[in-house]
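> Sequence:
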Amino acid sequence: MNIDDVQNNIQLPPEMQDAYARVVAAGMKVLFSKQTHDAMLQQLSAPGDTATKLGQGIAKVIVFLFNESNGTMPQDVIVPAAMILLLKAADFVNQSGKGQVSDEEIGRAMEILIDSLFEGFGEDRSEFDAALGQEVAT
1 MNIDDVQNNI QLPPEMQDAY ARVVAAGMKV LFSKQTHDAM LQQLSAPGDT
51 ATKLGQGIAK VIVFLFNESN GTMPQDVIVP AAMILLLKAA DFVNQSGKGQ
101 VSDEEIGRAM EILIDSLFEG FGEDRSEFDA ALGQEVAT
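The sequence shown begins at 1 in this note's numbering and counts up by one.
None of these hints come from the bench; they were simulated from the model.
Just so it is clear, CB atoms sit at the ideal spot from N, CA and C, and this is done for glycine as well.
Warning: the hint list may mix true and false statements.
Claimed, not checked - Have a look at the derived ranges for each label pair, beta carbon to beta carbon:
| # | residue 1 | residue 2 | range |
| --- | --- | --- | --- |
| 1 | A46 | D18 | 14 to 22 Å |
| 2 | G48 | T72 | 30 to 38 Å |
| 3 | E15 | A46 | 36 to 44 Å |
| 4 | K60 | Q7 | 19 to 27 Å |
| 5 | P13 | Q42 | 19 to 27 Å |
| 6 | L12 | A46 | 31 to 39 Å |
| 7 | P47 | E119 | 15 to 23 Å |
| 8 | P47 | S102 | 18 to 26 Å |
| 9 | T72 | M28 | 16 to 24 Å |
| 10 | A39 | E123 | 34 to 42 Å |
| 11 | Q95 | T52 | 16 to 24 Å |
Claimed, not checked - Straight-line Cα separation of at most 25 Å, SDA-like style, residue types lysine to any residue; simulated pairs:
| # | residue 1 | residue 2 |
| --- | --- | --- |
| 12 | K53 | K98 |
| 13 | K53 | D115 |
| 14 | K98 | H37 |
Can you build the whole structure from these sequences, using the hints too?
Below is the structure:
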């Protein structure tokens, strides 16, 4: 999965572009700064499948950033920024020789990411799915 292709296809209103860029930049800093990079490497080396580690790990980063922003992070940028951060983390795994993350694993990681975001924000995914189902049915 090509990060640039995904990034180019993210459709955000112009007023959200700056917030999106700030969240991605802050997430990259959390993932790759000298102070936190070792924690990311430990997470990737922990037991478990890569998709779960990526999905849950990026969700934790997003929830941390949201909390650090005192809730001012626009909700509209959360999922697009999280997707890009997940792809960048998967690319890091592939480039660093820590493993190979397939497109199938990235797809599973995205599903885990969304579930983990619901959990991290204390929301019930089943209520969202039910509301979405009703909206689609109408």
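> Confirm or reject each hint.
Each hint, compared with the structure:
1. A46 - D18: 14 to 22 Å: violated, 35 Å
2. G48 - T72: 30 to 38 Å: holds, 33 Å
3. E15 - A46: 36 to 44 Å: holds, 39 Å
4. K60 - Q7: 19 to 27 Å: holds, 22 Å
5. P13 - Q42: 19 to 27 Å: This hint is violated: roughly 38 Å between Cβ atoms.
6. L12 - A46: 31 to 39 Å: holds, 33 Å
7. P47 - E119: 15 to 23 Å: Since P47 and E119 have Cβ atoms about 20 Å apart, the given range 15 to 23 Å holds.
8. P47 - S102: 18 to 26 Å: holds, 19 Å
9. T72 - M28: 16 to 24 Å: holds, 19 Å
10. A39 - E123: 34 to 42 Å: Violated: the Cβ-Cβ distance is about 26 Å, outside 34 to 42 Å.
11. Q95 - T52: 16 to 24 Å: holds, 21 Å
12. K53 - K98: Between K53 and K98 the Cα gap is close to 13 Å, so the pair holds against 25 Å.
13. K53 - D115: holds, 13 Å
14. K98 - H37: Distance ~14 Å between K98 and H37 Cα, so the pair holds.
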